[in-house]
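*Asks:* Please build the complete structure, drawing on both the sequences and the hints.
Chains as they are written, first to last, in full-length UniProt numbering: chain A, 1 to 345; chain B, 1 to 286; chain C, 1 to 293.
One or more hints might be untrue.
Unchecked claim - List time: in silico DSS-like cross-link candidates among lysine-lysine, alpha-carbon distance up to 30 angstroms:
| # | chain 1 | residue 1 | chain 2 | residue 2 |
| --- | --- | --- | --- | --- |
| 1 | B | K189 | A | K105 |
| 2 | C | K237 | B | K238 |
| 3 | B | K141 | C | K239 |
Source of the hints: derived by calculation from the structure; they are not laboratory data. Given the structure is predicted, the values throughout are model-derived calculations rather than measurements.
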Amino acid sequence: MAQVTLNNVRKVYPNGFEAVKPASFAINDGEFVVLVGPSGCGKSTMLRMIAGLEDISSGELNIGDRVVNDVDPADRDIAMVFQNYALYPHMTVAKNIGYGLKNRKIPADQIAAKVQEAATMLNLTEYLDRKPSQLSGGQRQRVAMGRAIVRDPSLFLFDEPLSNLDAKLRNQMRIEIKALQRRLGVTSVYVTHDQVEAMTMADRIIVMNGGVIEQIGTPSEVYHSPASTFVASFMGAPPMNLLNGHAAGGRVRVGDHDLHHHDQDRPLTVGIRPEDIVPDTTGPLQINVSLIEELGAHRLLHGTLQDQAITIHVGKDHPVTTGPIYAAVKPNAVSLFDVESGMRL
Amino acid sequence: MTVSKRFRWSAVLDHSILIMGALLMILPVVMLLQMASTTDVHTMKNGPGLVFGDQLPLNFQKAMFKADGFTGANTGVRMLYNSMILGFGFAIGKIVVGMMAAYAIVYFRLRFATLAFWVIFTTLLLPLEVRILPSYEIVQKLGMLNTYQGLIIPLIASATATFFFRQFFRAIPEELVEAARIDGAGPIKFFVDILVPLSRTMIAAMFIIMFIYGWNQYLWPTMITTDEGMYTLVRGIKQITQVNEGTNLPEYGRSNLLSIIAILPPVLIVIFFQRWFVKGLTESDK
Amino acid sequence: MKRAGFSHRWLPILFLVPQLAIIFVFFYWPALHAIRSSFFLQDPFGFGENFVGLKNYTAMFKSAAYMRSAWFTVIFTVLVTVLSLSIALLLAVKADKVIRGAKTYRTLLMWAYAVAPPVAGVIGLVLFDQSWGPIKDFVALFGWDFRLGVNYFDTAFAMIFVSVWKQLPVNFIFFMSGLQSIPKSVREAALIDNRSASGRFWDVTFPLLAPTGFFLLITNITYALFDTFGIIDTIVKGKPGNNPMTLVYKVYVDGFRGNDLGGSSAQSVVLMILVLALTVFQFRLVERRIHYT
Ligand SMILES: Nc1ncnc2c1ncn2[C@@H]1O[C@H](COP(=O)(O)OP(=O)(O)OP(=O)(O)O)[C@@H](O)[C@H]1O
Ligand SMILES: [Mg+2]
Chain A
1 MAQVTLNNVR KVYPNGFEAV KPASFAINDG EFVVLVGPSG CGKSTMLRMI
51 AGLEDISSGE LNIGDRVVND VDPADRDIAM VFQNYALYPH MTVAKNIGYG
101 LKNRKIPADQ IAAKVQEAAT MLNLTEYLDR KPSQLSGGQR QRVAMGRAIV
151 RDPSLFLFDE PLSNLDAKLR NQMRIEIKAL QRRLGVTSVY VTHDQVEAMT
201 MADRIIVMNG GVIEQIGTPS EVYHSPASTF VASFMGAPPM NLLNGHAAGG
251 RVRVGDHDLH HHDQDRPLTV GIRPEDIVPD TTGPLQINVS LIEELGAHRL
301 LHGTLQDQAI TIHVGKDHPV TTGPIYAAVK PNAVSLFDVE SGMRL
Chain B
1 MTVSKRFRWS AVLDHSILIM GALLMILPVV MLLQMASTTD VHTMKNGPGL
51 VFGDQLPLNF QKAMFKADGF TGANTGVRML YNSMILGFGF AIGKIVVGMM
101 AAYAIVYFRL RFATLAFWVI FTTLLLPLEV RILPSYEIVQ KLGMLNTYQG
151 LIIPLIASAT ATFFFRQFFR AIPEELVEAA RIDGAGPIKF FVDILVPLSR
201 TMIAAMFIIM FIYGWNQYLW PTMITTDEGM YTLVRGIKQI TQVNEGTNLP
251 EYGRSNLLSI IAILPPVLIV IFFQRWFVKG LTESDK
Chain C
1 MKRAGFSHRW LPILFLVPQL AIIFVFFYWP ALHAIRSSFF LQDPFGFGEN
51 FVGLKNYTAM FKSAAYMRSA WFTVIFTVLV TVLSLSIALL LAVKADKVIR
101 GAKTYRTLLM WAYAVAPPVA GVIGLVLFDQ SWGPIKDFVA LFGWDFRLGV
151 NYFDTAFAMI FVSVWKQLPV NFIFFMSGLQ SIPKSVREAA LIDNRSASGR
201 FWDVTFPLLA PTGFFLLITN ITYALFDTFG IIDTIVKGKP GNNPMTLVYK
251 VYVDGFRGND LGGSSAQSVV LMILVLALTV FQFRLVERRI HYT
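*Replies:* Structural data, given as structure tokens:
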């Protein structure tokens with residue numbers, strides 16, 4: 001098991017593009033960390049630097065108590081699961097899982113035993129003699145997992161391992177991977193751009209944007225106290241409502257609605273999660289609903305608050321119509337951001 | 001009614017065209033075989049005919065064991081042997097050299113990779129025929145006339161196989177080499193354990209094309225081998241037709257049968273490994 | 001290069017050495033040597049050489065024999081290319097269409113790929129034999145007194161005939177694979193949009209085959225220029241005399257038989273330029289093709 005520490009780790013590709021700006025953070029032993037962010041933000045680059053597949057341009061990377069900047073991927077004691085699984089097409093499932101062990105000169109009988117054990121854990125025993133092409137997507141995914149766990153690495157790396165699966169299988173595998181990681185207690189770094197995966201699987205989430213780490217925190221922190229307007233709008237579906245507001249005389253106002261208190265006099269961005277706005281006939285906000293999205297378990301009301309777009313999340317039992325309604329904001333549910341920098345105040 | 005009738009007529013036309021095409025391809029060789037089955041005297045008088053004779057075994061005997069020239073070394077058996085060496089040597093040499101070079105170019109961080117690429121791929125531009133004389137001189141200087149090396153190696157000096165394997169390697173997902181590296185495979189292991197097995201069908205397809213190409217070489221063997229014991233079948237045929245020219249009773253049976261023996265191995269390969277052959281041809285030439 | 005390529009110091013070099021060594025010794029050296037020789041005049045008795053500048057080239061272009069051979073090469077190439085492409089296209093379209101016996105037809109039409117050019121030449125010698133050649137007998141019915149190796153036109157005819165025959169399978173195979181790569185849905189859409197089979201062919205199939213056709217055009221030109229050597233050498237029975245010959249054959253005759261090294265090298269260089277032009281043209285087309293699909 002291992003702790004991973006990054007110290008000003010930075011990546012500049014040979015073409016001069018800085019894909020990861022100097023980043024520092026630590027991942028604790030046994031922790032499940034999810035790297036999330038929009039496409040092209042540098043998640044894979046970060047992960048691949050940890051794996052040793054990409055050179056680190058500057059900074060220092062530790063796995064356990066070793067500096068591994070110049071250590072070969074094979075010697076970092078890691079295992080990786082790829083988006084397209086990268087199974088060896090000409091080898092059987094058993095050979096695929098055992099290949100890494102074979103290269104470590106482990107005796108054949110021990111390899112067989114370990115492969116068997118991993119296969120049992122992953123419900124793969126009946127497929128051990130098949131080639132990858134004879135497996136379904138979910139089974140291939142499991143083989144890729146098997147290849148990773150069989151080696152008892154001190155660090156698991158996942159690069160969007162579920163994005164080639166359909167929605168249902170993705171939910172199931174998500175739970176399986178998480179349970180497996182809990183059971184094995186191996187430190188894990190998991191890359192995804194699916195914020196549901198990030199929320200449900202992570203002990204801690206690292207949100208990246210444009211090569212920069214925007215926030216590191218538990219799912220709840222990231223969701224409820226986003227560090228920036230970017231995080232606020234990236235995490236959560238539908239995203240947090242971001243409204244132009246103004247603070248004056250100790251009060252924050254959006255238009256002529258009074259929402260919150262703040263000490264300074266300044267313009268600011270007001271963030272409220274859709275589920276933190278509740279319809280309330282005596283509430284202070286007047287919202288003009290123009291569209292209702294029926295989602296079964298709940299509904300989304302889209303409308304305007306003083307000409308600014310706003311979305312509200314209401315339970316399925318709540319009667320709704322288009323047109324003006326009144327609503328209130330739950331206590332302590334308002335986030336305030338600087339207008340210029342987008343950073344949380 | 002009318003529709004099905006019209007359809008039938010067009011089908012008849014299609015089949016007639018195809019049958020004519022097939023006959024055009026096949027009849028000349030049947031003709032050679034027929035001529036090889038009668039006596040030379042008969043052939044000399046009547047030319048090819050419709051009736052097969054009983055002389056095939058005798059002509060076969062002559063084709064395989066009789067020799068022309070002074071040394072008597074160019075028997076059919078000897079030429080067949082030389083053709084095999086040229087075919088196999090060329091195909092294997094080309095594939096091994098090409099795969100290795102393609103591997104180096106695609107899978108390594110090389111500072112001069114682009115340069116190596118261009119140096120190698122310029123050779124695709126000029127066929128051997130346009131530099132045939134200086135090539136001959138060089139082989140002569142190196143003392144490789146009338147040797148198998150001199151026959152085979154200069155023919156390998158074009159990068160078709162390298163180019164082909166480069167294309168193929170580049171199409172293999174990146175993650176495979178990454179997974180292998182994490183699994184602890186070094187460059188040699190990755191090549192042997194993963195890349196070569198993955199390329200099996202490609203190698204087979206390439207092998208077929210290259211074997212036929214090598215086997216059918218004519219100009220280069222004609223220049224490089226003067227020693228009759230080094231003749232290949234394809235090169236030796238000319239010798240025999242020329243000897244035929246000067247005699248009163250040309251050995252039609254023998255020369256025609258030798259022609260058939262000369263095309264038989266590649267033709268069989270094309271017929272029996274048709275899928276690989278077509279794959280190799282259509283994917284390597286583009 | 002793969003993004004996570006191995007970084008090893010000498011292994012890649014080791015892998016590249018065989019290829020590079022062979023290429024330098026047997027490609028670059030002879031090619032440069034040919035270019036150099038084309039500016040020199042060799043002493044016929046092997047005593048040194050003199051720099052003569054472009055004299056070999058001017059002599060070449062002034063030579064009636066060379067120009068005759070050049071013209072023959074042009075006509076030969078055009079005819080071989082056009083004939084073998086169109087016949088092969090016809091056969092491929094039909095073979096693609098029929099259901100019964102499709103596989104047999106395909107095999108029968110492609111096996112001759114493996115026939116070596118000189119053997120094709122031998123077949124030509126038999127077909128056009130002076131005393132009983134079947135084709136010679138056939139054309140005699142129309143009053144054509146065919147004289148292979150004697151009459152310039154007749155010999156050229158035989159060369160073209162055999163060269164087309166030999167090239168049919170290659171073109172057939174490529175057209176077949178081109179036809180098979182046309183998506184089924186496109187064919188079905190055409191079937192709905194157009195009643196006439198020939199209309200469908202010219203409006204849909206033919207344009208979609210155009211990339212294959214362009215590619216084959218270059219391949220066939222290269223074939224006619226270079227790979228017909230064995231056919232021609234067999235048909236003229238090694239005695240060119242007054243017979244038609246292609247430029248490549250002339251390089252061989254002048255250089256290897258006639259010992260005119262400088263002249264032959266100049267001819268080689270001209271051929272090199274020709275091939276380079278063709279290749280550049282081909283790369284252009286390939287680029288266009290990528291945009292096309
Ligand atoms: N080899 C390279 N050379 C130059 N730039 C690169 C290279 N590889 C990636 N990049 C760039 O670096 C940035 C980050 O890439 P990366 O693959 O890390 O993104 P990502 O966050 O994983 O995106 P995705 O979610 O689409 O996988 C991208 O803008 C990409 O274009
Ligand atoms: Mg990525």
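*Asks:* Given the hint that K237/C pairs with K238/B, test it: the Cα-Cα distance must not exceed 30 angstroms.
*Replies:* 8 angstroms, holds
*Asks:* K189/B and K105/A: Cα distance at most 30 angstroms?
*Replies:* 13 angstroms, holds
*Asks:* Is it true that the CA of K141/B sits at most 30 angstroms from the CA of K239/C?
*Replies:* With Cα atoms ~28 angstroms apart, K141/B and K239/C stay inside 30 angstroms; holds.
In this structure, none of the earlier numbered hints is contradicted; all agree with it.
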